[in-house]
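K.L.:
As given, the protein sequences belong to chains A and P, one line each in that order. Using the numbering used here, you'd call the opening residue of the first sequence number 1 and step up by one each time. Using the numbering used here, you'd call the opening residue of the second sequence number 1 and step up by one each time.
Everything labelled a hint here was simulated from the structure, so no lab data went into it. Just to be clear, a hint being listed does not mean it is correct.
Unchecked claim - Calculated from the model, a selection of chain P residues having no Cβ within reach of chain A, i.e. all distances over 12 Å:
#1 K4
#2 A8
#3 G24
#4 R37
#5 W42
#6 P72
#7 G109
#8 E117
#9 R118
As the list claims (entries may be wrong) - Pairwise CB distance ranges (calculated):
#10 A:M1 x P:P103: 14 to 24 Å
#11 P:R118 x A:I22: 21 to 31 Å
#12 A:R80 x P:P103: 36 to 46 Å
Claimed, not checked - Calculated pairs, DSS-like style, for lysine-lysine (alpha carbon to alpha carbon, straight line, at most 30 Å):
#13 P:K30 x A:K4
#14 P:K30 x P:K19
#15 A:K30 x A:K4
#16 P:K19 x A:K30
#17 P:K4 x P:K30
#18 P:K30 x A:K30
#19 P:K19 x P:K35
#20 P:K4 x A:K4
#21 A:K19 x P:K19
#22 A:K30 x A:K19
#23 P:K35 x A:K4
#24 P:K4 x P:K35
#25 P:K35 x A:K30
#26 P:K19 x P:K4
#27 A:K19 x P:K30
#28 P:K35 x A:K19
#29 A:K4 x A:K19
#30 P:K4 x A:K30
Using N, Cα and C, we set each Cβ at its ideal position, and we do this for glycine too.
2 protein chains.
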Amino acid sequence: MQEKVNLAERLASFDEAFKPKIVGELNDYKLVVVKARGEFVWHSHPDTDDFFLVLSGRLTIQLRDREVELGPGELFVVPRGVEHCPRADEEAEVLLIEPLGTPNTGDAGGAMTAAEERI
Amino acid sequence: MQEKVNLAERLASFDEAFKPKIVGELNDYKLVVVKARGEFVWHSHPDTDDFFLVLSGRLTIQLRDREVELGPGELFVVPRGVEHCPRADEEAEVLLIEPLGTPNTGDAGGAMTAAEERI
Chain A
1 MQEKVNLAER LASFDEAFKP KIVGELNDYK LVVVKARGEF VWHSHPDTDD
51 FFLVLSGRLT IQLRDREVEL GPGELFVVPR GVEHCPRADE EAEVLLIEPL
101 GTPNTGDAGG AMTAAEERI
Chain P
1 MQEKVNLAER LASFDEAFKP KIVGELNDYK LVVVKARGEF VWHSHPDTDD
51 FFLVLSGRLT IQLRDREVEL GPGELFVVPR GVEHCPRADE EAEVLLIEPL
101 GTPNTGDAGG AMTAAEERI
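All chains should be built: construct the whole structure from the sequences, respecting the hints.
P.N.:
See below:
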């Protein structure tokens with residue numbers, strides 16, 4: 001059985017931006033923490049929605065037609081297939097939930113694609 | 001498209017204990033906020049894990065062989081089929097994530113079973 005997860009402690013254990021770390025699982029979903037600094041990459045996930053919950057800092061989810069600004073305790077679900085690009089002008093700490101195997105860069109690929117890593 | 005969800009604002013909109021409120025969806029999962037006060041009911045979910053993230057207060061997840069104590073920013077996933085009984089000696093505010101259609105009382109049923117309600 002998985003143990004409890006203290007999100008702040010897990011986030012304190014690394015410093016890299018946009019390197020998602022799996023901290024747990026819910027059925028076939030991964031529970032992921034990530035630090036966002038700067039702009040990620042435009043992408044979409046054709047087969048899944050994408051869950052963002054800001055734990056600290058501020059995260060802007062850029063959509064093609066608007067921006068969604070999230071602070072601590074605010075969540076947003078990007079629907080499957082919708083292009084988005086997260087941006088954090090200062091650092092944001094975020095909980096992501098997606099199906100296991102979902103690439104962080106979705107359909108875009110490229111240099112920011114990260115392997116699934118557990119901490 | 002769903003809008004962003006400010007969890008504290010949603011939780012401030014009701015006061016009943018153990019009445020889960022759906023605030024969003026992630027694929028076929030429901031994103032639920034609940035206030036816990038006192039002891040819930042022993043139950044298990046034979047077909048799904050059960051995600052708990054404490055937002056405020058303290059929640060004890062009683063298992064048959066131990067207790068898991070959660071404070072703000074701490075999460076725990078109860079595996080499918082594992083009996084558990086949440087208890088909050090003072091009020092706890094919690095984010096739950098489960099597949100849509102999952103009854104809050106799992107296989108136990110009874111008076112604390114709540115309809116799926118959106119706010």
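K.L.:
If a hint holds in the structure, say so; if it does not, say that too.
P.N.:
Here is how each hint holds up against the structure:
1. A cut-off of 12 Å between C-beta atoms contradicts the statement that K4 (chain P) is not in contact with chain A; the least separation is 4 Å.
2. Not every beta carbon of chain A lies more than 12 Å from that of A8 (chain P), the smallest distance being close to 5 Å; the non-interface claim is violated.
3. Chain A draws G24 (chain P) into its interface by the beta-carbon criterion, the shortest separation being 6 Å against a cut-off of 12 Å.
4. Here R37 (chain P) stays apart from chain A, with its beta-carbon at least about 20 Å from theirs, past the 12 Å limit.
5. At roughly 17 Å from the closest C-beta of chain A, the C-beta of W42 (chain P) stays outside 12 Å, upholding its exclusion from the interface.
6. Here P72 (chain P) does not stay apart from chain A, with its beta-carbon only about 9 Å from theirs, under the 12 Å limit.
7. With a minimum CB-CB distance of about 22 Å to chain A, G109 (chain P) clears the 12 Å threshold, and the non-interface call stands.
8. Here E117 (chain P) stays apart from chain A, with its beta-carbon at least about 18 Å from theirs, past the 12 Å limit.
9. No beta-carbon of chain A is positioned within 12 Å of the beta-carbon of R118 (chain P); the least distance is around 14 Å.
10. Between M1 (chain A) and P103 (chain P) the Cβ separation comes to about 22 Å, which falls inside the hinted range of 14 to 24 Å.
11. Against the hinted window of 21 to 31 Å, the Cβ-Cβ separation of R118 (chain P) and I22 (chain A) comes to about 30 Å, which satisfies the hint.
12. In this structure the hint that R80 (chain A) and P103 (chain P) lie 36 to 46 Å apart at CB is violated, the actual value being about 26 Å.
13. Of the supplied pair hints, the one linking K30 (chain P) and K4 (chain A) holds, its CA atoms being roughly 21 Å apart against a limit of 30 Å.
14. Between the alpha carbons of K30 (chain P) and K19 (chain P) the distance comes to roughly 14 Å, so the proposed pair stays at or under 30 Å and holds.
15. At most 30 Å may separate the alpha-carbon atoms for a hinted pair to count; K30 (chain A) and K4 (chain A) meet this at roughly 15 Å.
16. For a cut-off of 30 Å, the pair hint linking K19 (chain P) to K30 (chain A) stands: about 27 Å separates their Cα positions.
17. At most 30 Å may separate the alpha-carbon atoms for a hinted pair to count; K4 (chain P) and K30 (chain P) meet this at roughly 15 Å.
18. Among the hinted pairs, K30 (chain P) with K30 (chain A) is consistent with the structure: their alpha-carbon atoms are about 16 Å apart, no more than 30 Å.
19. Simply put, K19 (chain P) and K35 (chain P) have alpha-carbon atoms about 7 Å apart, close enough for the 30 Å limit, and the pair holds.
20. For the proposed pair K4 (chain P) and K4 (chain A), the alpha carbon gap of about 27 Å is at most 30 Å, so the pair holds.
21. Restraint check for K19 (chain A) and K19 (chain P): the C-alpha separation of about 37 Å exceeds 30 Å, so the hint is violated.
22. Restraint check: the Cα-Cα separation between K30 (chain A) and K19 (chain A) comes to about 14 Å, which is no more than 30 Å; the hinted pair holds.
23. A threshold of 30 Å between alpha carbons decides the hint, and for K35 (chain P) with K4 (chain A) the separation of about 20 Å falls inside it, so the pair holds.
24. The suggested pairing of K4 (chain P) with K35 (chain P) holds, with an alpha-carbon distance near 20 Å, which does not exceed 30 Å.
25. For the hint linking K35 (chain P) to K30 (chain A), the alpha-carbon distance of about 25 Å falls within 30 Å, and the restraint holds.
26. Annotation: proposed proximity of K19 (chain P) to K4 (chain P) holds, straight-line Cα distance about 22 Å (limit 30 Å).
27. Of the supplied pair hints, the one linking K19 (chain A) and K30 (chain P) holds, its CA atoms being roughly 27 Å apart against a limit of 30 Å.
28. Distance hint between K35 (chain P) and K19 (chain A) is unfulfilled; the C-alpha atoms sit about 33 Å from each other, more than 30 Å.
29. With a C-alpha separation of about 22 Å, the suggested pairing of K4 (chain A) with K19 (chain A) holds against the 30 Å cut-off.
30. Our distance criterion of 30 Å between C-alpha atoms is met by K4 (chain P) and K30 (chain A), whose separation comes to about 21 Å.
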